[in-house]
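Chemist: Using the sequences and the hints, build the whole thing.
Protein chains: 2
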Amino acid sequence: MADKTTVAVVGCGLIGASWAALFLRAGHDVRAWDPDPESLGGFRGRVATPLAQLEQIGGPTVLGELHLGADLGDALEGARLVQENAPENVSLKQDLYAQIEARVADDVIIASSTSAHPWSHLSVGMKRPARLITAHPFNPPHLVPLVEIFGTDDAVVAWAEAFYSGIGSAPVRLKKEAVGHIANRLASALWREAVHIVAEGIAGVEAVDKALVNGPGLRWSVLGAHMAYHLGGGAGGMAGYLDHLGTSQEKRWASLGNPSLTPDVLEKLVNGVTAEAAGRSIAELEAERDAALIALAKLRQKSE
Amino acid sequence: MADKTTVAVVGCGLIGASWAALFLRAGHDVRAWDPDPESLGGFRGRVATPLAQLEQIGGPTVLGELHLGADLGDALEGARLVQENAPENVSLKQDLYAQIEARVADDVIIASSTSAHPWSHLSVGMKRPARLITAHPFNPPHLVPLVEIFGTDDAVVAWAEAFYSGIGSAPVRLKKEAVGHIANRLASALWREAVHIVAEGIAGVEAVDKALVNGPGLRWSVLGAHMAYHLGGGAGGMAGYLDHLGTSQEKRWASLGNPSLTPDVLEKLVNGVTAEAAGRSIAELEAERDAALIALAKLRQKSE
Numbered sequence: 199m200a201d202k203t204t205v206a207v208v209g210c211g212l213i214g215a216s217w218a219a220l221f222l223r224a225g226h227d228v229r230a231w232d233p234d235p236e237s238l239g240g241f242r243g244r245v246a247t248p249l250a251q252l253e254q255i256g257g258p259t260v261l262g263e264l265h266l267g268a269d270l271g272d273a274l275e276g277a278r279l280v281q282e283n284a285p286e287n288v289s290l291k292q293d294l295y296a297q298i299e300a301r302v303a304d305d306v307i308i309a310s311s312t313s314a315h316p317w318s319h320l321s322v323g324m325k326r327p328a329r330l331i332t333a334h335p336f337n338p339p340h341l342v343p344l345v346e347i348f349g350t351d352d353a354v355v356a357w358a359e360a361f362y363s364g365i366g367s368a369p370v371r372l373k374k375e376a377v378g379h380i381a382n383r384l385a386s387a388l389w390r391e392a393v394h395i396v397a398e399g400i401a402g403v404e405a406v407d408k409a410l411v412n413g414p415g416l417r418w419s420v421l422g423a424h425m426a427y428h429l430g431g432g433a434g435g436m437a438g439y440l441d442h443l444g445t446s447q448e449k450r451w452a453s454l455g456n457p458s459l460t461p462d463v464l465e466k467l468v469n470g471v472t473a474e475a476a477g478r479s480i481a482e483l484e485a486e487r488d489a490a491l492i493a494l495a496k497l498r499q500k501s502e
Numbered sequence: 199m200a201d202k203t204t205v206a207v208v209g210c211g212l213i214g215a216s217w218a219a220l221f222l223r224a225g226h227d228v229r230a231w232d233p234d235p236e237s238l239g240g241f242r243g244r245v246a247t248p249l250a251q252l253e254q255i256g257g258p259t260v261l262g263e264l265h266l267g268a269d270l271g272d273a274l275e276g277a278r279l280v281q282e283n284a285p286e287n288v289s290l291k292q293d294l295y296a297q298i299e300a301r302v303a304d305d306v307i308i309a310s311s312t313s314a315h316p317w318s319h320l321s322v323g324m325k326r327p328a329r330l331i332t333a334h335p336f337n338p339p340h341l342v343p344l345v346e347i348f349g350t351d352d353a354v355v356a357w358a359e360a361f362y363s364g365i366g367s368a369p370v371r372l373k374k375e376a377v378g379h380i381a382n383r384l385a386s387a388l389w390r391e392a393v394h395i396v397a398e399g400i401a402g403v404e405a406v407d408k409a410l411v412n413g414p415g416l417r418w419s420v421l422g423a424h425m426a427y428h429l430g431g432g433a434g435g436m437a438g439y440l441d442h443l444g445t446s447q448e449k450r451w452a453s454l455g456n457p458s459l460t461p462d463v464l465e466k467l468v469n470g471v472t473a474e475a476a477g478r479s480i481a482e483l484e485a486e487r488d489a490a491l492i493a494l495a496k497l498r499q500k501s502e
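Residue numbers (my numbering), protein chains in the order written: chain A, 199 to 502; chain B, 199 to 502.
Read the hints as simulated data drawn from the structure, not as lab findings. If you're wondering where the values come from, they're calculated on a predicted model, not measured in any experiment. Keep in mind that the hints are not guaranteed to be accurate.
Remember, identical chains collapse to one label, so a pair may be satisfied in a single copy or spanning two.
Heads up, simulated EDC-like pairs for lysine to aspartate or glutamate below, C-alpha to C-alpha not over 20 Å straight-line [stated by the list, open to error]:
1. Lys496 with Glu486
2. Lys500 with Asp488
3. Lys373 with Glu404
4. Lys466 with Glu398
5. Lys374 with Asp462
6. Lys202 with Asp227
7. Lys449 with Glu375
8. Lys374 with Asp351
9. Lys202 with Asp305
10. Lys325 with Asp351
11. Lys373 with Glu465
12. Lys202 with Glu263
13. Lys466 with Glu448
14. Lys374 with Glu404
15. Lys325 with Glu299
16. Lys466 with Asp441
17. Lys374 with Glu359
18. Lys374 with Glu398
19. Lys496 with Glu484
20. Lys373 with Glu398
Modeler: Below you can see the structure in the form of structure tokens.
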């Protein structure tokens, strides 16, 4: 483990709880705060579940300490990093950053978990915008390693990359900000075609999901999309692939769907996913997802 | 294991070898044929690698027998299923089907591994088109369970689904034929955005692949894209998600990229993947991919 760090977790919903579990499990101290006393009061309970799941995965552990802040200033005490998980409201976040900046030293980094807003909007009005990064986790954050990072100060971003690597995450740096970062753009692009396939009656919701999980999804868990085409090109690699099949790929792109979420399509999606759930509640489905992700995390840990 | 079946594997390249290994490992007999004597002659050797990989995965096994056909008629002797893996040339395949139909009983099923051609093109001119199905595997077929099936005869498709399930594959039936079936359409949609992200300079090839493998790819190996949005909707499920975020999703779709494979983009892709490969040859990268897929297959087998 790297040096022990104190992290302020600001915003104590499920994402905040997931982050806190990761930080604590890596031996860092966490100081949490939420403007809603009820949310803050229930935080220790909400952290317990992801923490127990991380325990199942195993690995070395010296648990850090979790402190619930009496107020924002108390939560920021001694923090090197502030992980902000406030609601997706730009002015609310900007206001929060102003409050944080008024209370912390110059070298404290603020990392926003935002999935919706670009750095250039969030940083407006900051005294030291260079201290802000977006650090977007992928749900559920304690079981999926990806953290997408954008910031303008190389040293700040480098520190953050090292920190998130140190807690077992997989930081990926964006060179240019983009709404949806990388992962949600890819997910959105895939889902558009998945919806098109359902809308066109090519296959139902459950069939599409089964195909993904047993096919490209499985392979993308070990091999990136670009690298897959490199291997698909045989001895010629990506250059060979593009040379032989680049034109077919462009034709395929042109043939992809552009569905609208009409009432008819909505009905197909809702009915389809209801059939796929086969009576399992959201909580049961999440538990199944988590169990599978925990098994994969154990496997990754063994192979390290 | 279900009843022992004799399968004719027609077309003895890598896909044919992969299929043969799966069939043999499940206890079925395989009779192979290829018009190219050299390809047929090397077949036993090419089957050895996937067979050894399946052995690593383990599970019950009564190996079937592999017979190299003296000619097409010999390979078809006693076959209930013909798995066709000929080059992606419609008239060549049609000609092959005519030769097969002239030699087999009425109830023999022909399954084409085609990734490129729809059933309606391939079946033209057949005496019994209902016996033809497309049964598209995902590469590498012996380590990725998906088989996408389309056919017009319910009984034929049902038999094929049961057969592929019996060898440990995950058959998915299409209700309507589509070029690219399901999986390659999803892969193509995702890759279009992956290329866009590189073309726009948002992130490099390696960063995009790292984000996919550690984020959505990992999650799609356990949870389908539709089901992910069902869970993303909280207690309201898919209906709640669409109600709250359907409009944002449509906006996101509109913001996705539509790149062209210009010389500049080609260069970025080739240079990017070369950097990601970091000196590893195609064979080395394939071996790494296979090792990871074998570990995942072992995990799946344990949890069954």
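Chemist: With 20 Å as the alpha-carbon cut-off, assign the pair lysine 466 and glutamate 398 to within, between, both or neither.
Modeler: within (10 Å within a copy, 35 Å between copies)
Chemist: Between lysine 373 and glutamate 404, at a C-alpha cutoff of 20 Å, which is it: within one copy, between copies, both, or neither?
Modeler: Between copies only: 12 Å across chains, 37 Å inside a chain, cut-off 20 Å.
Chemist: For lysine 496 vs glutamate 486, is the C-alpha pair at or below 20 Å within one copy, between two copies, both, or neither?
Modeler: both (15 Å within a copy, 18 Å between copies)
Chemist: With identical chains treated as interchangeable, where does the CA-CA distance between lysine 325 and aspartate 351 reach 20 Å or less: within a copy, between copies, both, or neither?
Modeler: Answer is within; shortest intra-copy Cα gap is 14 Å, inter-copy 69 Å.
Chemist: From the Cα coordinates, with 20 Å as the cut-off, is the pair lysine 374 and glutamate 359 best called within, between, both, or neither?
Modeler: Intra 16 Å, inter 46 Å, cutoff 20 Å: intra-copy only.
Chemist: For lysine 374 vs glutamate 398, is the C-alpha pair at or below 20 Å within one copy, between two copies, both, or neither?
Modeler: between (36 Å within a copy, 9 Å between copies)
Chemist: How do lysine 373 and glutamate 398 come out at 20 Å by Cα distance, when the copy is not named: within, between, both, or neither?
Modeler: between (37 Å within a copy, 10 Å between copies)
Chemist: Is it within a copy, between copies, both, or neither that the alpha carbon of lysine 496 lies no farther than 20 Å from that of glutamate 484?
Modeler: Close inside one copy (18 Å), not across copies (23 Å); limit 20 Å.
Chemist: Between copies, within a copy, both or neither: which fits lysine 500 and aspartate 488 at Cα up to 20 Å?
Modeler: Both: 18 Å inside a chain and 17 Å across chains, each within 20 Å.
Chemist: How would you label the pair lysine 374, aspartate 462 (within, between, both, or neither) given a Cα cut-off of 20 Å?
Modeler: Cα proximity of lysine 374 and aspartate 462: across copies only (18 Å, versus 38 Å in one copy).
Chemist: Could you figure out if lysine 373 and glutamate 465 sit no more than 20 Å apart (CA to CA) within one copy, between two copies, both or neither?
Modeler: between (39 Å within a copy, 18 Å between copies)
Chemist: As a check of your reading, is lysine 466 near aspartate 441 (CA-CA no more than 20 Å) within one copy, between copies, both or neither?
Modeler: between (39 Å within a copy, 14 Å between copies)
Of the numbered hints given earlier, the model fails none.
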